[in-house]
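Novice: Sequence:
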Amino acid sequence: MRQYPAGARQLSDASFYPYRAFISYSHADSARCEWLHGKLESYRVPRDLVGRITKDGPVPERLAPVFRDRTDFSTGSLQKQTLDALRQSQFLIVIASPRAAASEYVNEEIRAFKAMGGAGRVCALIAEGVPPDNFPPALRFRVDPDGTITDEKEDVLAGDLSKDGEREALIGLPYDYVWMRDVQAQRKRTIVYAGAGAAFAAAAAAAGVFGWEHFDTTRKVERQEVAVAGQGERIANVEAIVQKLLATQTAQAAPGQREAVRGAVESVATGAAQGDDRLKQALALLKDGKVAEAEPLLRAEAADREKRIAQLQAQITDDRKAAAAAWRNLGAIAGLRDPKKAREAYAKAAELEPDNADGLAWAGWYHLEPGDISRAEQFYTRLLEIKSATDHLRIWALLGLGDIKSQRGQLLDSLQRYREAFSIADRAVKAEPEKLALRRDLSASYERIGNALATLGNIDEALRNYHQGFIISDDLAKTDTDNALWQRDLSVAYERIGDVLATKGDLVEALAKYRNDLAIIERLVKSDRTNTQLQRDLGVVQNKIGLILTSQGSFEEALKNFRASLAIRNNLAQSDPSNTQWQRDVSLSHEKIGEALIAQHKLSEALEEYRDSLSMRDNLAKADPNNALWQRDLSIAYQKIGDVHYATGQYSDALTNYQTELTTAKRLAEIDPSNSQWQSDLSVAYGKVSDALLAQEILPEGLESLRKAFVIADRLARSDDTNVPWQRLLISFYVKLSIADKQKAREYLTKAHDLAVHLKERRRLALTDAWMVEDLARRLSALGTPNQRPLGDN
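In this note's numbering, the protein residues as written are 55 to 848.
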């Protein structure tokens with residue numbers, strides 16, 4: 055005999071079964087099964103019952119899904135999919151008939167379900183015949199956990215589908231439920247509560263709405279009919295007791311007191327009718343008007359009810375934890391292929407069990423990745439409040455909060471969070487150096503600190519942190535070449551070092567680092583093409599390689615990289631429109647393609663790319679006005695469109711876009727004056743506005759804007775002479791000042807020329823900027839020697 059594993063799930067887990075019920079039936083009863091399946095799937099639980107807490111959990115709104123077994127019935131053995139469905143079903147509904155009684159397949163399904171621990175959750179619906187002849191053996195007798203059918207009879211929860219072919223019998227509604235609902239709804243008349251649909255009866259059982267008692271079908275129906283018949287008499291009895299109690303009243307009458315007393319008596323009567331000896335005594339005392347004597351009994355009843363509530367709440371707590379664990383399991387599996395589903399699953403788990411640190415960490419991560427920084431912040435903050443959280447989880451929560459601060463432009467706060475994470479990681483690694491996961495945490499801390507320092511303008515210190523992180527990542531990657539996570543960490547380490555080298559103007563070395571990054575990512579993508587994180591990584595590194603190639607003048611090759619990156623990013627963004635990070639990535643690709651087209655003087659095509667970028671960034675900025683990163687992106691989009699208008703001589707349109715850019719740049723710079731990136735953006739914005747004003751000969755405002763731009767650029771360049779973009783920006787303003795101020799033209803051009811030569815000698819000048827030295831020399835030559843007029847100057 056085939057044995058079936060006992061179910062690990064208890065009835066308290068009922069709310070969390072994938073299927074509400076499994077219908078077992080003979081193939082000859084398929085039509086009846088199809089009808090019942092439709093009734094159950096479409097059934098709605100009465101509104102006033104939904105949400106009530108029962109021993110089986112809260113009452114649901116719907117009963118779907120219900121599993122209908124369509125497996126080939128020709129064999130008596132159960133297939134794996136059938137066993138899996140039985141294990142995942144809360145209830146088993148058996149369509150009883152002589153054919154089902156003779157079906158080995160139906161018998162096996164019942165036997166398997168009972169062996170899995172579901173004996174108390176089997177309901178039979180009689181289609182033909184009479185019990186017990188229409189019940190299979192496994193239904194009539196107790197089944198041991200090993201699947202053995204014993205000779206011990208077992209009561210069956212059953213209902214009748216057979217009467218008149220249409221009218222279905224009432225199935226065991228508890229007396230107090232029927233009586234209380236009928237009295238409340240129609241106090242003046244007697245209701246014959248019979249013929250409730252079998253679908254309703256099965257639905258009630260499947261939903262766990264009513265506390266069903268196992269019963270002999272015929273005797274139960276008879277008892278129900280007697281109970282309904284005596285309903286009118288009980289209403290009269292209740293009213294008589296109420297009158298007697300009110301007559302004993304000595305305290306001042308309160309509004310609505312009669313209704314309150316009636317409700318209390320009805321409730322006591324209900325409990326007495328169910329067989330509660332204590333409430334029977336209380337009811338008898340109330341009939342005699344002995345309120346004082348009845349009070350201790352009612353107090354004891356209340357205390358017992360309160361105790362049961364506490365027990366139920368404890369059970370609910372256990373069930374919530376079990377449900378949370380189930381959602382976390384789903385999140386872990388879904389995260390392999392679908393980050394959106396993983397994000398939703400971990401959010402539900404955190405809602406059910408808000409003190410589970412591991413679940414909060416994952417919820418934070420899956421919300422931070424697509425840009426939902428507010429939700430991510432809530433999860434990470436809550437995690438840090440949990441004293442039992444491990445060092446590993448605390449580190450990642452601090453890193454996540456640092457990333458959130460960074461996106462909001464709060465760089466000093468961001469750096470503080472990163473250093474807190476580093477402090478924990480460094481201490482943990484020293485205490486347990488053999489734990490590789492902690493070493494990875496330390497590497498991640500170095501990387502984040504480097505990010506913050508780079509944005510603050512301290513690129514040398516940033517590079518030192520990146521190198522420290524790289525050493526750890528490289529060591530881990532060599533330790534296990536098949537560990538995709540560690541291999542990806544190494545690719546990120548290459549990328550970060552490349553970023554700093556590009557900023558310092560070492561384009562050749564930067565490109566080499568990016569190509570190292572690309573080689574790793576392409577290998578990882580080849581082995582796992584459905585991994586969206588790796589796909590995004592590939593798009594990022596292709597974009598960065600395109601930037602270097604643009605600076606080196608290889609515009610066509612740069613465009614190939616930019617467009618390959620855009621193709622990947624478009625696919626990702628279309629797969630999950632709610633992922634704001636992926637939407638932003640697409641806007642960046644459009645921007646970079648536009649820049650490459652500008653370099654080839656394809657202005658109209660570039661303008662289309664910039665407008666596509668602007669449209670996406672405008673939507674993101676409106677969705678979260680507090681996201682500084684998105685606000686900065688939007689200002690840059692306006693600048694790019696302004697550049698095209700300026701290049702085509704549309705100075706007024708250019709000025710409009712530049713002024714919009716300047717407004718945002720001012721606001722961001724005021725939020726955090728220490729943010730060197732935002733200070734650089736402000737300098738550029740002032741310079742652009744100056745260009746458009748001077749082109750229209752609006753001289754005072756144009757010169758004032760130019761001076762403001764120069765002051766900021768000069769301060770930045772002096773603070774870090776290795777930052778090539780800042781040195782180049784200063785050169786451009788020297789040239790513009792030489793044009794605006796003829797008296798100091800030689801002084802400005804000399805400084806610009808010396809700075810350009812300095813960059814060239816140190817191989818920090820991009821190939822696309824190589825013209826600068828010769829151009830500046832020509833401009834100086836045109837001024838003539840000191841105290842000598844240039845040729846042709848009369």
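Derived from the structure by calculation, the hints contain no laboratory data. Just so it is clear, the structure is predicted and the values come from calculations on it, not from any experiment. Fair warning: there could be bad hints in the mix.
Calculated pairs, DSS-like style, for lysine-lysine (alpha carbon to alpha carbon, straight line, at most 27 Å) [unchecked claim]:
1) K341 - K298
2) K762 - K558
3) K344 - K395
4) K656 - K395
5) K656 - K614
Listed next, with one range per pair, are the computed distances between beta-carbon atoms [as the list claims (entries may be wrong)]:
6) Q797 - Q606: 17 to 27 Å
7) H655 - A836: 55 to 65 Å
8) T435 - R518: 24 to 34 Å
9) R518 - R583: 45 to 55 Å
10) T202 - K298: 32 to 42 Å
Quick reminder that beta carbons are idealized off the backbone N, C-alpha and C, glycines included.
Novice: So, against the hints stated earlier in the document, which numbers end up violated here?
Specialist: 3, 4, 6, 7, 9 and 10
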